[in-house]
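**Q** Numbering follows the UniProt record's numbering, with no gaps: position 201 of the sequence shown is 201.
To be clear, the hints were calculated from the coordinates, so they are not data collected in a lab.
Check the hints yourself; a few may be wrong.
Claimed, not checked - Subject to a maximum C-alpha distance of 20 Å in a straight line, what follows is the list of computed EDC-like cross-link-like pairs (lysine to aspartate or glutamate): (1) Lys121 <-> Asp234; (2) Lys292 <-> Glu278; (3) Lys213 <-> Asp260; (4) Lys212 <-> Glu306; (5) Lys213 <-> Asp258; (6) Lys292 <-> Asp260; (7) Lys213 <-> Asp286; (8) Lys121 <-> Asp286; (9) Lys121 <-> Asp236; (10) Lys292 <-> Glu306; (11) Lys121 <-> Glu220; (12) Lys292 <-> Asp269; (13) Lys212 <-> Glu235; (14) Lys121 <-> Asp92; (15) Lys213 <-> Glu306; (16) Lys212 <-> Asp166; (17) Lys212 <-> Asp236; (18) Lys212 <-> Asp260; (19) Lys212 <-> Asp269; (20) Lys292 <-> Glu119; (21) Lys292 <-> Glu220; (22) Lys121 <-> Glu278; (23) Lys121 <-> Glu158; (24) Lys121 <-> Glu235; (25) Lys213 <-> Glu256; (26) Lys121 <-> Glu86; (27) Lys213 <-> Glu278; (28) Lys212 <-> Asp258; (29) Lys212 <-> Asp255; (30) Lys213 <-> Glu158.
Said to hold, decoys possible - Label pairs and their in silico Cβ distance ranges: (31) Gly125 <-> Ser348: 53 to 59 Å; (32) Asp269 <-> Gly125: 28 to 34 Å; (33) Asp255 <-> Thr93: 36 to 42 Å; (34) Gly246 <-> Arg271: 57 to 63 Å; (35) Asn26 <-> Ala124: 53 to 59 Å; (36) Gln132 <-> Ser348: 39 to 45 Å; (37) Gln79 <-> Gly164: 18 to 24 Å.
By construction, the Cβ of each residue, glycine as well, lies at the ideal position given by its N, Cα and C atoms.
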Amino acid sequence: MEYVDVAIVGGGVIGANVALEVTDRNPRLSVAVLERNLVGTGASTHSAGVHFPRGATPWVRDLTLRSHQQWHRLRGRFQLPITSVEAFVVADTESRDSVEQAYISQSALQATERPANQEWKAPAGRCVWRAQGCHYADVAGVTRRLFSHLRSQVTIWEGTDVVGIDAEESGVTVTLGQGTLLRAGTVVIAPGPWATLPVWAEPLRDLGVRVKKVAAVHIESVPHRSAPLTIFHDEDAFLVPLHRRGHWLFSYTCDEWDVDAMTMTGQLDARTLASAREVLAQYSPDLAQRCKSGRVFCDAYSPSREPVVAEVAPGVIFAGAANGAGYRLAPAIAQEAAQLVDLRRNASAQT
Numbered sequence: 001m002e003y004v005d006v007a008i009v010g011g012g013v014i015g016a017n018v019a020l021e022v023t024d025r026n027p028r029l030s031v032a033v034l035e036r037n038l039v040g041t042g043a044s045t046h047s048a049g050v051h052f053p054r055g056a057t058p059w060v061r062d063l064t065l066r067s068h069q070q071w072h073r074l075r076g077r078f079q080l081p082i083t084s085v086e087a088f089v090v091a092d093t094e095s096r097d098s099v100e101q102a103y104i105s106q107s108a109l110q111a112t113e114r115p116a117n118q119e120w121k122a123p124a125g126r127c128v129w130r131a132q133g134c135h136y137a138d139v140a141g142v143t144r145r146l147f148s149h150l151r152s153q154v155t156i157w158e159g160t161d162v163v164g165i166d167a168e169e170s171g172v173t174v175t176l177g178q179g180t181l182l183r184a185g186t187v188v189i190a191p192g193p194w195a196t197l198p199v200w201a202e203p204l205r206d207l208g209v210r211v212k213k214v215a216a217v218h219i220e221s222v223p224h225r226s227a228p229l230t231i232f233h234d235e236d237a238f239l240v241p242l243h244r245r246g247h248w249l250f251s252y253t254c255d256e257w258d259v260d261a262m263t264m265t266g267q268l269d270a271r272t273l274a275s276a277r278e279v280l281a282q283y284s285p286d287l288a289q290r291c292k293s294g295r296v297f298c299d300a301y302s303p304s305r306e307p308v309v310a311e312v313a314p315g316v317i318f319a320g321a322a323n324g325a326g327y328r329l330a331p332a333i334a335q336e337a338a339q340l341v342d343l344r345r346n347a348s349a350q351t
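Could you put together the complete structure from these sequences and hints?
**A** Below you can see the structure in the form of structure tokens.
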């Protein structure tokens with residue numbers, strides 16, 4: 001039976017950041033990443049990868065700040081496919097206080113008029129702010145770039161399903177789909193929207209995690225080079241120019257719960273398209289009519305709408321339920337998970 005100090009289940013953007021954080025803290029640790037497909041091909045492929053420095057709760061704002069700083073460092077360190085973008089926030093006047101509370105100081109939030117020459121118009125009773133520190137990323141590309149760096153330090157098992165986890169105080173035995181057993185001192189489960197799979201249902205049972213559909217539509221209009229990101233605060237939606245792909249993307253809140261990541265096809269249906277158009281039409285009927293296609297997947301959500309990073313069984317750490325913000329908060333989630341790995345290792349060393 002092969003042994004590693006740390007096994008990370010999940011080769012998405014959170015798993016990549018966990019592997020990086022763990023190895024940066026202690027390069028001598030043996031680390032294995034277990035991915036049922038290819039790294040960066042799960043939810044990372046469908047992610048819009050938008051980062052804006054805000055958080056609905058104090059803890060999420062703390063995670064946001066740390067992730068904001070870490071993405072800046074990682075972007076330079078690995079030349080990640082991240083594009084900075086000017087941003088505006090739009091909200092009802094009654095939401096002014098919640099907007100100004102949600103955005104951290106790095107956003108340099110400043111009230112302004114509607115920017116000129118934009119393809120949307122704020123309805124009456126809306127306020128507009130300018131925000132700094134925003135970007136969007138090719139999340140799959142970011143994930144692959146991080147794992148490319150990590151391959152000299154960690155073992156990456158792709159096409160490897162995890163079918164069993166047996167946790168004991170002395171260590172964790174992981175059963176792999178090909179029949180192999182892997183023994184690990186600590187296991188970090190970073191499954192993204194696969195958080196409700198039966199294999200880890202028991203240790204995650206009390207977390208109350210549910211999986212919700214996430215959808216965005218593509219707008220058949222080429223954004224100009226300086227086109228900004230627009231965040232519609234009350235609708236929990238955003239309009240982002242994907243310059244490298246040559247089109248706009250509109251992400252909105254899709255309220256369809258308890259979907260199964262294993263059966264998601266990624267195809268846009270008529271109801272989802274109509275719902276997206278209805279939300280966008282409040283600001284731009286023209287753009288709404290240009291919505292022809294899009295992307296559909298899902299993500300894991302917690303009851304508190306805060307990410308969950310916790311030891312759920314002896315030596316088993318769950319890192320996820322990021323509520324649609326997996327890319328945005330991945331570095332700080334990884335820091336929290338790595339801290340628990342350190343605590344577990346220190347406790348084991350003292351027994």
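**Q** Could you work out which of the previously given hints the structure breaks and list their numbers from low to high?
**A** Of the numbered hints, 6, 7, 10, 16, 23, 30, 33, 34, 37 do not hold.
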